[in-house]
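**Q** In terms of the UniProt record's numbering, the sequence shown has 85 at position 85, counting the first letter as 1, and numbering is strictly consecutive.
No wet-lab data here; the hints were simulated from the structure. Idealized CB from N, CA, C, for every residue including glycine. Any given hint could turn out to be false.
The following label-pair restraints were derived from C-beta to C-beta distances [what the hints assert, rightly or not]:
hint, residue 1, residue 2, range
1, D3, P67, 27 to 33 Å
2, V88, S21, 33 to 39 Å
3, V14, E45, 18 to 24 Å
4, D63, Q10, 20 to 26 Å
5, S21, L48, 27 to 33 Å
6, L40, Q76, 16 to 22 Å
7, E42, D19, 18 to 24 Å
8, Q22, K44, 26 to 32 Å
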Amino acid sequence: MTDIEDRIQQIAQVIRQLDDSQVPRNIRTSSKDAVEQWLLNEDKEMDLRLGMTASILDEIFNDANLPIHFGPLCLQVQTALETILNEVRNS
Numbered sequence: 001m002t003d004i005e006d007r008i009q010q011i012a013q014v015i016r017q018l019d020d021s022q023v024p025r026n027i028r029t030s031s032k033d034a035v036e037q038w039l040l041n042e043d044k045e046m047d048l049r050l051g052m053t054a055s056i057l058d059e060i061f062n063d064a065n066l067p068i069h070f071g072p073l074c075l076q077v078q079t080a081l082e083t084i085l086n087e088v089r090n091s
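Could you put together the complete structure from these sequences and hints?
**A** As structure tokens, this is what we get:
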């Protein structure tokens with residue numbers, strides 16, 4: 001497994017933290033879809049996987065129902081995704 005794939009696996013683990021009973025169902029569903037349908041879907045191009053996951057996390061972050069303590073988590077993951085995306089585009 002490459003370094004990027006390792007980091008993607010770590011990001012997926014962090015996003016899965018949103019699967020918490022304190023988090024509204026729609027947000028849990030969106031975060032699960034972001035991981036399963038986009039981030040870990042190796043049938044899609046890497047830049048698309050990263051970009052769509054970041055986009056979904058942006059929607060989650062802007063959801064008024066997101067518990068406040070999960071906001072920084074979303075921002076940290078988005079930053080990590082953008083870093084990897086820049087590395088992929090520059091390679």
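**Q** Take the hints in turn and mark each one as holding or not.
**A** Going through the hints against the structure:
Checked against the hint of 27 to 33 Å, the C-beta distance between D3 and P67 comes to roughly 32 Å, which is consistent with it. Between V88 and S21 the beta carbon distance is about 35 Å. The supplied range of 33 to 39 Å therefore holds. The hint said 18 to 24 Å for the Cβ distance between V14 and E45, and at roughly 22 Å that hint holds. The supplied range of 20 to 26 Å is met by D63 and Q10, whose beta-carbon atoms lie about 24 Å from each other.
Between S21 and L48 the beta carbons are some 32 Å apart, a value that agrees with the proposed interval 27 to 33 Å. Between L40 and Q76 the C-beta distance comes to about 19 Å, which sits within the given range of 16 to 22 Å. Checked against the given bound of 18 to 24 Å, the beta carbons of E42 and D19, roughly 22 Å apart, stay inside it. For Q22 and K44, the hinted distance range of 26 to 32 Å is satisfied, since their beta carbons lie about 31 Å from each other.
Figure legend: structure checked against the earlier numbered hints; every hint is met.
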